[in-house]
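2 protein chains.
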Amino acid sequence: MLDKVSNLDQINNGHNDIDRADHTITGAQSLLRTLLDCGVDVCFANPGTSEMHFVDALDSVDGMRCILGLFEGVVTGAADGYARMLDRPAATLLHLGPGLANGLSNLHNAGRAQSPIVNVIGDHATYHRSFDAPLTSDIEGAARPFSSWVRTSPNAESVATDTAVAVAAATSAPGRVASLILPANTAWSTVDSSTPTPRAHPNPPARPSDSVIESAAAILREGGSTALVLGGRATREAPLALAGKIAAATGADLLAQTHNPRISRGAGRVEVTRIPYPIAESVALLEKYDNLILVGAKAPIAFFAYPDRPSTLYPPSARIHELVRVDQDITYALDHLVDTLGAGSLGAAVADYGPPDMPSDGPLTGRTIGAVVSAMLPEEAIVVDESLTTGGSFFDDLRHSAPHDVLLSTGGSIGFAMPNAIGAAVACPDRKVIALESDGSGLYMPQALWTMARENLDITVLVFANNRYRILDNEMFNVGAHGAGPVASTLFDLTRPTIDWVSLAEGFGVAAVRTETVAELGDALRTAFAHSGPMVIQIPL
Amino acid sequence: MLDKVSNLDQINNGHNDIDRADHTITGAQSLLRTLLDCGVDVCFANPGTSEMHFVDALDSVDGMRCILGLFEGVVTGAADGYARMLDRPAATLLHLGPGLANGLSNLHNAGRAQSPIVNVIGDHATYHRSFDAPLTSDIEGAARPFSSWVRTSPNAESVATDTAVAVAAATSAPGRVASLILPANTAWSTVDSSTPTPRAHPNPPARPSDSVIESAAAILREGGSTALVLGGRATREAPLALAGKIAAATGADLLAQTHNPRISRGAGRVEVTRIPYPIAESVALLEKYDNLILVGAKAPIAFFAYPDRPSTLYPPSARIHELVRVDQDITYALDHLVDTLGAGSLGAAVADYGPPDMPSDGPLTGRTIGAVVSAMLPEEAIVVDESLTTGGSFFDDLRHSAPHDVLLSTGGSIGFAMPNAIGAAVACPDRKVIALESDGSGLYMPQALWTMARENLDITVLVFANNRYRILDNEMFNVGAHGAGPVASTLFDLTRPTIDWVSLAEGFGVAAVRTETVAELGDALRTAFAHSGPMVIQIPL
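Protein chains in written order, with UniProt numbering: chain A, 1 to 541; chain B, 1 to 541.
Since the hints were derived computationally from the structure, they do not count as laboratory data. The C-beta atom is built at its ideal place from N, Cα and C for all residues, glycine as well.
With a straight-line Cα cutoff of 20 Å, these simulated SDA-like cross-link-like pairs (lysine to any residue) come out:
(1) K432/A with E455/A
(2) K432/A with A530/A
(3) K298/A with D132/B
(4) K298/B with S148/B
(5) K298/A with A206/A
(6) K298/A with P278/A
(7) K298/A with S130/B
(8) K432/A with M376/A
(9) K298/B with D132/A
(10) K298/A with R129/B
(11) K298/B with R236/B
(12) K298/A with D327/A
(13) K288/A with T273/A
(14) K298/B with R129/A
(15) K298/B with A206/B
(16) K298/B with R207/B
(17) K298/A with D329/A
(18) K432/B with A267/B
(19) K432/B with R526/B
(20) K432/B with G533/B
(21) K298/B with S130/A
(22) K298/A with Y127/B
(23) K288/B with P316/B
(24) K298/B with F131/A
Non-contacting residues of chain A with respect to chain B, defined by C-beta distances greater than 12 Å in every case (computed):
(25) P196
(26) S209
(27) D253
(28) A280
(29) N291
(30) G344
(31) A375
(32) F394
(33) T515
(34) G522
Full structure from sequences and hints, please.
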């Protein structure tokens, strides 16, 4: 299907870096050449035997930055964070079915974030598969539930075209996970080195029709209680500014999906209210609206089903109007709507700069942590937030801080923050990345710390250590279960033994400190923000 | 398909532990009752919101030991180790598609080990799926490549029967991975508590025909160069003893697959030669054989394909005779073959007790580590071996040690040893478990250490820290790639920064020590073996 959206040009960028006497290159070299010609120049990798020719080719084809992860979830999560910041794909390099499997949970988040990613998954040589060797598995079958596009390259000659199509699939609007499976013999067999490298041009996103935009304008002019619900790339600075003009012209509220890939935030940005995660709060927020205009978002639904609670969060009487789908041109739609409403000359209300005063000292709680971080947040920081129960107020706390971007877990798969922070830091080396991490969540992929150290990435990780799956205490109540029993409670308890994050971080080569008070946290952040490189701050709660 | 092999009895074991005024139980309680009645009384778990009713039910249905893992690969790997030691399934509890995904790589190994496992995977409520909430994914699709049986229970009434069928599927010969998906509303809805609990009787393994056994006897009597290749449960003590009689009667050699689920080993056991992993060595070993008789094993094939190397390891002229498939009755086949050969009264040659002298001191190398471990190995130890390049000689080194079992990575998915050690220790609390772990491999699932501490499991972990993916240096050469370039070499390098396993282990609450010499290793092992509980020994190489 996606083949149809890719227009393959035949170009030759002249790869003088490959110089073999027999004028051939390996399939692996062909893959690398094509990735580079298609603009993919970062690869997050955890290779094995079947990927050795890819690894070998890194020394003969210049230009690919290859970043090692000790675990595949780190690799795929990093590719997600990278894509969210640059809107272009990194490659991953994964080792057969089990290597892919270890990366799937963060691919789930990436798919939900509309992140373009090109997974390269090594497989056995094509002729070896029928022997059902121990590492054989149905890689296509494993990839499919978490990929928009899956293909196995059948031979070395096909690798270049398949790679270009994979990039086209990944970068077709709004961004997708493409999985290209490379049998070992397609990587080690050779092809003519003078064959031009194909390049892929994904189709641009489609535009919503004029009538759809005019309908939205009509609803907004009617004057009922109306909110724009922003999703996908609608929460970036430029479309937010357009949404702000619409709000100024019509009095509509601006809401964002609970879990957006990236939200531009802080001083100078148009403010948006995230739909809360707790179902009681989200239903209470939405019950007043007569009209919801969807801008790259879905009609608001509950994250989980709960007994005797609705799956949809908005009142049954609400009118739902889809202005623009997530895979369409969101900025065009908003721009056109601004014009239709004659709002182009209006100033959008933006947040002013004015974080709360830095608290002088005191115990660390969600509230005081939020105050400290919002007071000290560096300009243009990237905040990767997986703070869950501790960080319920962080998003609001940071509204008047320095301008920043917030990355959230779009798919609900846990352990995304530290891997995503890696990708964001690689994508934006001049910006400070701050991972707000729960202890339970961070323990899914602590190996991310090592890659931060290895690449000296400018990431500060705050670990909120309440030694408990606290969110499950809440959820046990929400689903209507008793949850009062000793066995249930024990399963949420991380105190036997407690986990020492300072020790873990140092084990992975990252400097770490434990802070017990507001003043200590302030000191630790000053240290972290004064230098470039990773640091872990454990905050007992 | 597998439904046909399950004969569901209707029984009622009288669960007096559930006492609700309305004479109903939840689907989750029904699930727990059925698991317990089918003999499944250990559950390795990493639950989330959709599993809260299962967790809640643990306090009202007595008898399930629920063991928490911080990461799902620990959970599934533990279930694999448990099954290998007890030949019966543990349950797992996993959170939707991403939670399952994190557990798939160790399920791959478990499937290849023919380990019975009942995965219980929570899902959204059935009516909530169509809303495509963030955590929605194709769970059946994700489970299928790594499961022999997959089913989604449609409602609370179906849960008991589906659970019994899942256990039947898991325990049908030779042992399988069964994945039962439980939508949240099937867990929280109620059913009549007096409904009898179904129980599953899997079919016993089929027996090979007399003619197949007689053909094997004829080949053995012919007197060519013949080897029995043992796989599946053929490498356990009792079938090994039978194979030893056959060897004594016929002069046949006894070989084992490279990666068997469990091999009985040491003093008093019939010795078996493992087919080596390096392809040059395995081809050299097998080239002399005219006949290979397969006993629960496949005809020997290469673990990976290599350019200009065969996929099959045996000479093209060799005759392959399959005595018994892995899903058939291996002990019956060997017993019958012994009778046919008139070998019943022969004594099988077994290894005598006589480990090498404990070396006094010196540097630690693969050889000296093997000598120390073999000299000190406790009686009936369970050795989980993922030592890769460091441990090339360990299997041979331990041949005259105290009797023990060896568990190996059957599917080639990395990071199996520490999770498997958890399961083996839970299954066999009176036996010392020793995990021989490479540093690279151990970093895939270091969270396993925390569960060892939490459950005070009697596991000694030796971490061989060469700070390198050393095996990939070898594999780069084997696949015929150059691999001499600086970028390729950097991708195998774990020295920037080096990982401090003592710090990691202590971070997870496990006592740890670093040993630099033979004497220090001896001291550390004496400490570890003198008490019950987990300990990590980092061995720099």
